[in-house]
Amino acid sequence: MDYFAQQLINGLVLGSIYGLIAIGYTMVYGIVGMINFAHGDIFMIGGFIALISFLVLVSLGLTAIPLILLIVLLVSMAITALYGWTIERIAYRPLRHSFRLAPMLSAIGMSFVLTNFSQVSQGARVKPVPPIITGGYTLHEGSQGFAVQLSNIQIMVVLATIVVLALFTWLVSRTRLGRDMRACEQDQTMAALLGVDVDRTISMTFVIGAALAAVAGMMYLLYYGLVDFFMGFVAGIKAFTAAVLGGIGSLPGAMLGGLAIGLIETFWSAYFSVEYKDVAAFSILIVVLIFMPTGLLGRPEVEKV
Amino acid sequence: MSATSARPSHAAQPSGGAFILKKALISALVALVLFSLMIGVRTEAGPQGGLIYWTRFGDLAALVATVFGGSIIVELLRQWWGPIDKDSLVPKPVQSAMSFAGRWLAPALLVFAFLVPVIFYDQRYILDLSILVLTYVMLGWGLNVVVGLAGLLDLGYVAFYAVGAYSYALLATNFGLSFWVCLPLAGILAAFWGVLLGFPVLRLRGDYLAIVTLAFGEIIRLVIINWQSLTGGPNGVSGIPRPTMFGIPLDNSDSGLAARLGIEFSPTHRLVFLFYLILAMALLTNWVTIRLRRLPIGRAWEALREDEVACRALGINTTTTKLTAFATGAMFGGFAGAFFATRQGFISPESFTFQESALVLAIVVLGGMGSQLGVALAALTMIGGFELFRGLDQYRMLVFGIAMVLLMIWRPRGLIGHRAPTVFLERNQAISSDLVKEGHG
Numbered sequence: 000m001d002y003f004a005q006q007l008i009n010g011l012v013l014g015s016i017y018g019l020i021a022i023g024y025t026m027v028y029g030i031v032g033m034i035n036f037a038h039g040d041i042f043m044i045g046g047f048i049a050l051i052s053f054l055v056l057v058s059l060g061l062t063a064i065p066l067i068l069l070i071v072l073l074v075s076m077a078i079t080a081l082y083g084w085t086i087e088r089i090a091y092r093p094l095r096h097s098f099r100l101a102p103m104l105s106a107i108g109m110s111f112v113l114t115n116f117s118q119v120s121q122g123a124r125v126k127p128v129p130p131i132i133t134g135g136y137t138l139h140e141g142s143q144g145f146a147v148q149l150s151n152i153q154i155m156v157v158l159a160t161i162v163v164l165a166l167f168t169w170l171v172s173r174t175r176l177g178r179d180m181r182a183c184e185q186d187q188t189m190a191a192l193l194g195v196d197v198d199r200t201i202s203m204t205f206v207i208g209a210a211l212a213a214v215a216g217m218m219y220l221l222y223y224g225l226v227d228f229f230m231g232f233v234a235g236i237k238a239f240t241a242a243v244l245g246g247i248g249s250l251p252g253a254m255l256g257g258l259a260i261g262l263i264e265t266f267w268s269a270y271f272s273v274e275y276k277d278v279a280a281f282s283i284l285i286v287v288l289i290f291m292p293t294g295l296l297g298r299p300e301v302e303k304v
Numbered sequence: 000m001s002a003t004s005a006r007p008s009h010a011a012q013p014s015g016g017a018f019i020l021k022k023a024l025i026s027a028l029v030a031l032v033l034f035s036l037m038i039g040v041r042t043e044a045g046p047q048g049g050l051i052y053w054t055r056f057g058d059l060a061a062l063v064a065t066v067f068g069g070s071i072i073v074e075l076l077r078q079w080w081g082p083i084d085k086d087s088l089v090p091k092p093v094q095s096a097m098s099f100a101g102r103w104l105a106p107a108l109l110v111f112a113f114l115v116p117v118i119f120y121d122q123r124y125i126l127d128l129s130i131l132v133l134t135y136v137m138l139g140w141g142l143n144v145v146v147g148l149a150g151l152l153d154l155g156y157v158a159f160y161a162v163g164a165y166s167y168a169l170l171a172t173n174f175g176l177s178f179w180v181c182l183p184l185a186g187i188l189a190a191f192w193g194v195l196l197g198f199p200v201l202r203l204r205g206d207y208l209a210i211v212t213l214a215f216g217e218i219i220r221l222v223i224i225n226w227q228s229l230t231g232g233p234n235g236v237s238g239i240p241r242p243t244m245f246g247i248p249l250d251n252s253d254s255g256l257a258a259r260l261g262i263e264f265s266p267t268h269r270l271v272f273l274f275y276l277i278l279a280m281a282l283l284t285n286w287v288t289i290r291l292r293r294l295p296i297g298r299a300w301e302a303l304r305e306d307e308v309a310c311r312a313l314g315i316n317t318t319t320t321k322l323t324a325f326a327t328g329a330m331f332g333g334f335a336g337a338f339f340a341t342r343q344g345f346i347s348p349e350s351f352t353f354q355e356s357a358l359v360l361a362i363v364v365l366g367g368m369g370s371q372l373g374v375a376l377a378a379l380t381m382i383g384g385f386e387l388f389r390g391l392d393q394y395r396m397l398v399f400g401i402a403m404v405l406l407m408i409w410r411p412r413g414l415i416g417h418r419a420p421t422v423f424l425e426r427n428q429a430i431s432s433d434l435v436k437e438g439h440g
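These protein sequence lines are chains V and X, in that order.
The C-terminal residue of the first sequence carries number 304 in numbering that gives the first Met the number 0, and the numbering is unbroken.
The C-terminal residue of the second sequence carries number 440 in numbering that gives the first Met the number 0, and the numbering is unbroken.
Just so you know, these hints were derived from the structure itself, not from any lab.
Please read these numbers as outputs of a predicted model, since none were measured by experiment.
Misleading hints may appear alongside valid ones.
To be verified - Computed, partial: chain V to chain X, Cβ under 8 Å:
| hint | residue |
| --- | --- |
| 1 | 34 |
| 2 | 55 |
| 3 | 90 |
| 4 | 94 |
| 5 | 97 |
| 6 | 109 |
| 7 | 111 |
| 8 | 118 |
| 9 | 124 |
| 10 | 129 |
| 11 | 239 |
| 12 | 275 |
| 13 | 285 |
| 14 | 288 |
| 15 | 289 |
| 16 | 292 |
Ideal Cβ positions, reconstructed from N, Cα and C, are used throughout, including at glycine.
Construct all of the structure, not just a fragment, from the sequences and the given hints.
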């Protein structure tokens, strides 16, 4: 039971990170109708920028950890958001009204660009960081000496996810920008006729998605203590799996799907085999799609002739 | 954002030096922020395990200056070029010249392909490269059945390539079966996996299909890596037998081809044989595809690509149509995989990453989705271009990615032409894009 509880905690933390990335996929898919293949690499860039800014701040002589973390978070969100904006401008906007496959391939190309850009600029080796947030609580002492641990960093990841999600939900449901986004999702032409700046709204979607991915990247860095140039690919596929699992286009679905993928992966590693955890996640994606082709919370697609 | 919102489609496009300068400045500023940390600071794991960093502000400044200059040049070029009119009519003489070239290009290329080993007999590198190009031509033609004809977006094509390669490698090393026995087996096994993948994805559309096929490709790769007792895991399978010319080995033994013909042995013989082997296999793929297109099943694929709902309304069984498309494409992938294994003599999971799938898909899309000649030309361009940048080493994939994005922006419909419609109007008519949109199969 204790072992189960521990894995549940680990799975929820991992799932929060996946969920944050998945939201970026699902938002872009909802509005533009394309798979932003480069989103996983934006997450990777976010991790890198968090790492570098952390290093620079520490060497500048800052010692207050909370202050450093706050600055790192803001810097990495801002710069990564600019990456998202630039990618949309360069690679996707010229193809907005092109045929279906064109933006997808452009996105795959962009993903290669980002992966190899960070490999060329930062080197291929894994970048480790010492644990920044240490300590934690023992929730329950088991009979065989197994204790359920809840570390501070896990608390922080979950808290940060909740705060970011709350902010994001408020943004989508209560602000002018959120209303524009929902309008564009339903009908771009009509939204444009009613005075919504569609181009700007789409840009902002990418910016917000990238900022969320940056938060995920920083959490990943803090939780696992390393980044490398290739981490965006697998994390990206899994987050997209999460988005599809939750029903692509649905924001709560993305978070739910992220948690589900995180839990599946963790439990599979804990009870079956670590090697096949990714196989398990992908297989479950396929199984879910057979029985629920629109995902957990997705709206059924109406076929129009 | 205000300065950069000028698009070519706008009637009154702002121009003039001030505008260009402003735009270039904004681009440079964006570049400065983007690259400030990623280029300006280089991190590396230090000797004591911690991280160290050093700054590279010179590189950063050079890059930002390049973006500034590049932005000015691009903007000047754009104004000189005028607004991009996608549907501009090509003048009659050019049109007829192009159709003439189009008619004779394919036979000319074919004749040239047959002559390659004769012309370049002494140049091992070129022979090797042409074998590689032909492998990708075959893969492209195989994937073309799924993506170009049936319109099913497959991001995991490399899985079938891997199945074919491992089928041959394992059958040959464990049971000593010859290449010619294993080739059909590899194709059948790959087709079987194609059907296996096809079943769950039958109900999926468009992008869901893409992600499931991608996941499938990853599953196959991960299983290959982890099932060490069968596949050797990351170490791969080595010592895969070379192909024989219908039982006659191509080596310098007494029973080898050179000894039997009484000519001097040369390792090039095997290369030439491999070249003609892959050429024959690619041409077989092409021939089967062209024949299938004229059969009801091929027509059904194309109908499925255009509109799945209409397809069903007309009584076409979409289930079997999709499954046959998957199986046919997978079979050709399996053939190509078996060839790859016998050519390399060694295979490992590293050869079957998503990058390969993306490369083959890029070839199909750049080739114009459904055009056989286009796929061949795209394979030649992509693999040739890839080789040109071999010296750049780690920058190669970066250049490949940039090229992919630029090519998509420049020619989203592919390098040459588009698929030829069977029925068309004599006059050009303005048709709303909603009416000619792709089906979402």
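**Q.** Status of the residue 288 of chain V interface restraint (C-beta, 8 Å, chain X)
**A.** Status holds, d = 6 Å.
Q. Minimum Cβ distance from residue 90 of chain V to chain X below 8 Å?
A. With a closest approach of 5 Å, the residue 90 of chain V hint holds.
(Q) A closest beta-carbon separation below 8 Å is what the hint needs, so does residue 118 of chain V meet it against chain X? (A) 6 Å, holds
Q: Using Cβ atoms only, decide whether residue 94 of chain V comes closer than 8 Å to chain X, and label the hint accordingly.
A: 6 Å, holds
Q | Per-residue hint verdict: residue 285 of chain V, partner chain X, C-beta under 8 Å | A | 5 Å, holds
Q) Any CB of chain X closer than 8 Å to the CB of residue 239 of chain V? A) 6 Å, holds
Q | Restraint check, 8 Å cut-off on beta carbons, for residue 292 of chain V near chain X | A | 5 Å, holds
Q) Going by Cβ atoms only, is residue 124 of chain V closer than 8 Å to chain X? A) 6 Å, holds
(Q) Tell me if the interface restraint on residue 289 of chain V is satisfied: Cβ within less than 8 Å of some Cβ in chain X. (A) Check passed: Cβ of residue 289 of chain V comes within 5 Å of chain X, closer than 8 Å.
Q | Interface hint outcome for residue 129 of chain V [beta carbon to chain X under 8 Å] | A | Since the shortest Cβ distance to chain X is 7 Å, the answer is holds.
Q) Does the CB of residue 275 of chain V sit less than 8 Å away from some CB of chain X? A) 6 Å, holds
Q. When the nearest CB of chain X is found for residue 34 of chain V, is that gap smaller than 8 Å?
A. For residue 34 of chain V, the interface hint holds, since the closest Cβ of chain X sits about 5 Å away, which is under 8 Å.
In this structure, every one of the numbered hints holds.
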